[in-house]
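Engineer: Read top to bottom, the protein sequences are chains A and B. Just so we're aligned: 186 in the working numbering is position 186 of the first sequence, and the numbers increase by one with no gaps anywhere. Basically the working numbering = 1-based index in the second sequence + 1000.
The hints are simulated quantities; they were obtained by calculation from the structure and are not laboratory data. From the three backbone atoms N, C-alpha and C, an ideal C-beta is built for every residue, glycine too. Do not rely on the hints blindly, as some may be mistaken.
Covered by chain A, per the in silico footprint, the following chain B stretches (three or more residues, Cβ under 8 angstroms) [to be verified]: (1) 1073-1083; (2) 1136-1150; (3) 1184-1192.
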Amino acid sequence: MDPGKGGVGVLDVLRGVLDWFQDPSNWQGEEGLTNRLVEHLLLTGTATLVAVLLGLPLGIWLGHVGKGGLLAVNISNVGRAVPTFAVLTMLSIGPIGTDELGPYGRAGLATLISLVLFALPPVITNAYVGMREVDRDTVEAARGMGMEAAQLLRRVELPLAMPLIVTGVRLAVVQVWATATIAALVAGPGLGRIITLGFRRQDVSEVVAGALVVAVIALVLEALMALLQRSLDPVGRALRSSGSRVVGGEAPAPEQVTSSSG
Amino acid sequence: MVLSEEAPVGENCMVRNEWICPEYLTSRSDLLTDALVQHVWLTVVSVVIGLVIALPLALLARRYPRLEGAVVGTTTAIYTIPSLALFALLVPVSGLSAGTVVTGLALYSLTILVRYIVEGLHAVPADVVEAAQGMGYGARRLLWTVELPLALPSVMAGLRVAAVSTVALTTVGSIVSYGGLGNLLLEAVNTQFKPQVLTASVLCVLLAFAFDLLIVVSQRLMTPWTRARAV
């Protein structure tokens, strides 16, 4: 790598990347692709699970009782303005430190906490908005049919709010994956370390190989979550099976509460 | 990184490595200003380039509805790629330069902006467009004097999201040494220098809010009709 100068041939880079993947030594050991991939997947799975367990009940409950709208909007705005890198740095040189955390690797705890913090806003706000946007007439009709609060929640509100609830989880997964990449900047765990290692060794092939793995898996996760979302949308499913065109399609609308990817 | 034993050499908060340290602000004000200035220009240039590219893309998507799915799908895909990976993928093309960071950040901005502009144009009332066409407005005049002004609130909402996100993402540019305040963060990771971490982090958040406020105020100035002619 020649700092400050680009212009390496694309074919040379591709060949270098292929060679990198074929070299078994790049897969082995603590700094190898296999270990980093396991760390990254473990971090993503754990953090998403924690964020869903904490955030979904809160968002659904707030939406059900109709309170906390301002809170929901504010946390998503603040979440967007606070850089992932800054939070990770503060946690890792602060009280939490960079100790090894079992299979989660160096600075595992600081990374996990940042991941959960960044996954919570989309989970909470989308669950809240999803619950609030359930058609009031439908809710009234269900009440008129004699449904109890618990029945109403389980059989009417939750199924109708499901598309946005899943959108929140989907955004959280993508967000967590991205944030786990940034952990490399504080010498933390995950696939980002392949990229930073490549930068340190001035090895463009390694930088690009690491980035490709991160990017491709991010896209796969997004696609899988989009599929999951499709299968959990009762209205869309009904429309599709009756042959109607689904209004709005799969792409998230701007109103959906997103936060910046790391 | 091994943390060296703290020795009580001096009496100031920098030596004691305290989070809150006024001494740091005064003694390192040059360093902070330089980082802040770099952060501002990286953000502004990226968002402006993003906007300049997003506008024609959004118009294209509107003109050819078949393209809309492709445009929105591609932009979603780009947005999904983590910033560290995106910058890394650009390195073979643009090297360790500010161009790498600006290209990456402009891509993220444009993915946000395209969607908001498309949404804003869709929301222009059809009867207003028909009225203008009836008055003999051509396509170009219709766009610039009727449709875009009416889509402005949505465009500005997109600009707010893009600017605030870009301020946060710029910090990751420190991987190629163009990260504005992020450079100070990366440096402090190695030295474990707490006042620098807190100061740079707080400045990042303040900068994001400053951009947000600036866009809100200019939107009010640019759309006087939303207040003057309340229906």
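Engineer: What are the numbers of the hints that this structure violates, sorted from low to high?
Structural biologist: Hint 2 is the one this structure does not satisfy, whereas the remaining hints hold.
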